[in-house]
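Chemist: Sequence:
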Amino acid sequence: MSQKSLLLTPGPLSTSKNVKHSMLNDWGSRDPAFTALTKNIRNNLLKISKAPESYSCVPFQGSGTYGIEAAFSTFTSPSSKVLVLTNGAYGKRACTILSLLRRPYIELEFKENEPVDPIIVENFISKNSDLSHVFMVHCETTTGVLNPLTSISSLVKSANLIFIVDAMSSFGGIPIDFSYTNIDVLISSSNKCLEGVPGIFFVLAQKSLIKNSIGNSQSLSLDISSQWSEFETSGQWRFTPPTHVVAALNEALDELEKEGGVAGRFARYQDNCNILVNGMRKLGFRTLLHDNIQAPIIVTFHDDFKPDYSFKNFYSDLQKHGFTIYPGKLTNNMSFRVGCIGNVQRKDMHMFISTVQKITK
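Our numbering applies: residue -14 is where the sequence shown begins, and numbers increase by one.
For the record, the hints were derived by calculation from the structure and aren't laboratory data.
Do not take every clue at face value.
Taking lysine to any residue pairs in the SDA-like style, the calculated list, with each CA pair at most 25 Å apart, reads [as the list claims (entries may be wrong)]:
no.	residue 1	residue 2
1	Lys96	Arg78
2	Lys267	Gln330
3	Lys96	Lys346
4	Lys24	Asn197
5	Lys32	Asp239
6	Lys35	Ser114
7	Lys77	Leu93
8	Lys346	Asn328
9	Lys332	Phe251
10	Lys243	Leu268
11	Lys243	Thr23
12	Lys32	Phe163
13	Lys5	Gln342
I would like the entire structure built from these sequences, with the hints used as guidance.
Modeler: In structure tokens, the structure reads:
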């Protein structure tokens, strides 16, 4: 595969030269300069979400799935009962984590090609008085469907439940405003819409909830309350941090601000998505989702272009031309996925469409 391959994936994704360059310096993990760098990213992540003073940001070493496990381990207990709203593989993964942690849960499943329905959720909550938490994936990258965050958050608050949100593929690319969206815990990572590199997840959570959750976690390394306490006391990570990844995230956050913040990035992603969808449809490819529920993050296409079409050959030909896409993740239908995020500009999307046209003639 070419070293210059453009990643049209939901993350890891293509990063800017400046993000890559920021990793050329070595950092002492206990050095005051690195402690200041960590403080800066914590503050900037809170700023992006417009979170009030009652929230804190807790970064960790690891992938986004580590973050979901850390959140469930810390913010639930054996006496909890979590309502998991699923319409794809990442919601299902949350169920797997809860099962392994032996935390009680109940799944409310929706179709993969449809968003979570607030009316159904409201009725379900009203009939299950033993619930303590609700979990939802904001952008389910199994398909690219965008779930209704604000309306679900209002329902959860009205029921006096704790709302945990997987915003892995939306934070930094789709506006999320904590000033009017009732989220208790949000988990995301460095290598998606923030356009950093893999290696860090972070949790935005109510300080009171973090304090009240001390002693819940059965994990040493994934204990959010303990990690938060160390940051508040010394400003340092408990265990060896991925220093170069932190530096890359710091640069990526600066680039996000220069782009006009989340609103500016969302506009670019939406433009990329429009070019992709319109171009692929003109070539005869069918999208799985209707436009009104499609997030400008990743687009799923049916894998039935024409009788002699082969995804394996299609994928290989795209790589030869400098593009990397993702295979599908649907339960019952053959599909493939193309991402709209990362350091990808409209000229790149037009070039992708031209390449697809060339190799599918």
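Chemist: Which of the listed hints are broken here?
Modeler: 3, 6, 8, 10, 13
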